[in-house]
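Asks: Residue numbers (the working numbering), protein chains in the order written: chain A, 1 to 348; chain B, 1 to 348; chain C, 1 to 348.
By construction, these hints were calculated from the structure, which means they are not laboratory data. Incorrect hints may have been included.
Repeated chains share a single entry, so a pair holds when one copy, or any two copies, can fit it.
[Claimed, not checked] The calculated lysine-lysine pairs, modelled on DSS-like cross-linking and capped at a C-alpha distance of 30 Å, are:
#, residue 1, residue 2
1, K113, K128
2, K266, K337
3, K62, K45
4, K337, K100
5, K62, K167
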Amino acid sequence: MELSAQTIANHLGGTVEGNPNVEISAAARIEQGKQGTLCFLANPKYEKYLYTTQASIVLINKNFELKQPVSATLIRVDDAYQAIAAMLDLLHTLKMQSKKGHSWRSKISWRAKLGKNVYVGAFAYIAKGAVIGNNVKIYPHVYVGENVHIGDNTILYSGVKIYAGCKIGANCIIHSCTVIGADGFGFVPQNDGVYKKIAQTGIVIVEDDVEIGSNTSIDRATMGATVIHRGTKIDNLVQIAHNVEIGDNTVIAAQAGIAGSAKIGKQCVIGGQVGIVGHISIADGTQIGAQSGVSKNTTENATIAGSPAIDYSKNQRNIAVYRTLPQMRDEIQILKKEIEELRMKINN
Amino acid sequence: MELSAQTIANHLGGTVEGNPNVEISAAARIEQGKQGTLCFLANPKYEKYLYTTQASIVLINKNFELKQPVSATLIRVDDAYQAIAAMLDLLHTLKMQSKKGHSWRSKISWRAKLGKNVYVGAFAYIAKGAVIGNNVKIYPHVYVGENVHIGDNTILYSGVKIYAGCKIGANCIIHSCTVIGADGFGFVPQNDGVYKKIAQTGIVIVEDDVEIGSNTSIDRATMGATVIHRGTKIDNLVQIAHNVEIGDNTVIAAQAGIAGSAKIGKQCVIGGQVGIVGHISIADGTQIGAQSGVSKNTTENATIAGSPAIDYSKNQRNIAVYRTLPQMRDEIQILKKEIEELRMKINN
Amino acid sequence: MELSAQTIANHLGGTVEGNPNVEISAAARIEQGKQGTLCFLANPKYEKYLYTTQASIVLINKNFELKQPVSATLIRVDDAYQAIAAMLDLLHTLKMQSKKGHSWRSKISWRAKLGKNVYVGAFAYIAKGAVIGNNVKIYPHVYVGENVHIGDNTILYSGVKIYAGCKIGANCIIHSCTVIGADGFGFVPQNDGVYKKIAQTGIVIVEDDVEIGSNTSIDRATMGATVIHRGTKIDNLVQIAHNVEIGDNTVIAAQAGIAGSAKIGKQCVIGGQVGIVGHISIADGTQIGAQSGVSKNTTENATIAGSPAIDYSKNQRNIAVYRTLPQMRDEIQILKKEIEELRMKINN
């Protein structure tokens, strides 16, 4: 499907400079723009490409002054960066509209309830008691267990697995091979060294507007619920253990891991490969540097780093001194000798 | 399905205090208990909830003294914590009994052998030569390759992939999207910088009573077998490379990684995000702190931490001193000046 | 299928010592060799097994001198290690030949184009516009999105997911549950703390001769392409974020993570659990130790380690001194006292 410059300008509240009828069907970076693509210029570093790009349309800021002639049609907007994001959204939405209907190759229990306009791809499995909202997209090879609830407009990409009883909110996006609701890792050692499983009978609740990347694992609670609150964004390959609770609008980068019963606040930012031990409390607004190991509660809006993690600036200072350790050791040896020499002098 | 207080008391060898006919269908935490749920009280910290909970039944220790009246029916047992675990098991077992039969939407090779009472869900794939024990549960989207053996009572959740030739024991549980038997990561660099693949023709052997979380990868051996011995428990997103061997009853937390040909003993505890290099030997009973990097053999029952990992107490001491590094540096500078001053005095 | 000693010798350009008609159907380690298996001896450490093995055939170096009689048939070759690798390849190729045809249980869009001799397993999904080369193997539960291209001879194991528009080269191997082309992790924080998704409209390009392990995630670019160049080998559970570019013949071990827009050179070796921050440039030939955290550009052929990563030798020296920190602290305290004593003496 194609969009004209005029259509785009109307959508963005911008103004066209050039041919309003030229059309695009995809977005591209300005340095790679070809005919039929839409680009944008926000960072002045890329200005040179504006004068050479073969893109059909370029979004630029309202007050941007051209220094050379431009062959592309321009659309002037308040903020070119926000405008391209809005256009990417629109292109995505148009693409998604083509996903509809229930494949006869899927398996949908007659005891599941599906809303209006739901897409169910081939080989998707929807168990009895499942309740699926309106406009939900369920791609091929998705597994929706017994009594799972999925809110309106949510997208489950190919291979997502949701175990029985879990609840997913509205407007969520979950990427391929992410597993929601597998058993928490709970065992009791017996006297003979054998571990006995503690049955995990809770669920996972994912609230509205949550996005979860691919190959992420979120375990069900032992009892009660593991909860991901509204608006939180979780990247790929993240581990979220049983009984964890994560507040609103928290961002968790790839390969981070959160151990059992930890409580993460709102508006936190957790870096890649971070580990958080179980049963602690991360306060609202905490920011955690990549690869940190967090073993203690944090205070609101703290910025921490290191393993074990401490205040970010202190950690930076420690690292700086750490790098001089061999010199420090040598200085100590020199001081020892100097003192010995002084002592000899005095005693003589 | 519902269970009465009397049935539960009989199952646990406990005694009912209150209405023996009240019924529950699920478990809950005592602070969240609602009608129809079973709770327990083991930790005195939660005693206050006992007097306010709306749970229908609460499990408590035999010798526990009530300080206020309680509306729930009580079941007194020797150990409330062990009793709730047993009840969670029972509830789980009853739920699992509903999984039975072979879906006509599955693909079961006529050259595979299935035991009695096997569940095969829709879109599950069982290749020729596979041998499946009694009471095995194979969920939708599971892949069982050629000549794979699965022991009695094992559960493979949706999306588990088991490559050709691998052997899984009895009473195992493997969670969604875990991959058993993909090729080990073995390549030989050629003179031109191109890497040539070493074919990986071994298998993976998982013995009885092993549980493996979701999104975990266990690679086949180059030749011979990667072996997970009896009773070992492996969490989510764990990497186990080719030719690794892991002893009985070892516990491996999420996101840990074990490189090729490492040998892990019995009864070890490996923390989250730990890395273990290839070709080393971790002795029986070794405990490894989270995020450690282990590059050397360990001795029996050692407790280690850090990256590179050393004795746990030494590592703790090093960390404590590390945090004072800027002060140490300053002290050295002060000492230098003081020595210089002394030298001047002496020389004068 | 079985291969005789003579057939193997012909294939390898080696010479038979013993019965040229004896046959094998699998490979094994020399210490585990049984009748019907092929073993090799390259490392002198294993020589003792040569005289006791029950293997039918053993590959040994041309110039190897026997110290005792051997019951197995020997095949003498220039390099026994390279020869066994070639044999494992051959056994693998013969096994793979049995995978052919399109399962009627798969879903292949009539608007997809398939080359000659393509295997499509049950429950595989190939969307419209997909273009599949010759001799490609698509195992059960694979998802190939709209307009995906797959080059000749590539193998996609069970449960691989390739999102719309991505391009996979020829002779690639991708293992189970790896996800190619899920959305990059891109969000813009709004004034109210809510994160707004930036649509990810780019693709992933995987060039020829790339192997990717299981449960790995490679995200699509925001615009343009995430690119894995020719010959690169990626292990299990690796995270490759949007807009990353990785050069030819680079090796990435398990659980490493590369953040958005980082550019990795050719012929690099990246250890397990390494983290690389976004927007940096790793020069050709860089070697990065396991668990390192890389936050800066590197220079060609650098060897680095640590978190944050620095020159490998410096890192080793720092670690060595770090381990003596408690002694260093004590020495400083002793020096303080000694200086105080000297000062007293002088002042007296």
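Asks: Please go over all the hints and tell whether each is borne out by the structure.
Replies: Here is what the structure says about each hint:
{"no.": "1", "hint": "K113 with K128", "result": "both (9 Å within a copy, 29 Å between copies)"}
{"no.": "2", "hint": "K266 with K337", "result": "neither (56 Å within a copy, 50 Å between copies)"}
{"no.": "3", "hint": "K62 with K45", "result": "within (17 Å within a copy, 62 Å between copies)"}
{"no.": "4", "hint": "K337 with K100", "result": "neither (82 Å within a copy, 79 Å between copies)"}
{"no.": "5", "hint": "K62 with K167", "result": "neither (45 Å within a copy, 37 Å between copies)"}
When the structure is compared with the earlier hints, violations turn up for hints 2, 4 and 5 and for no others.
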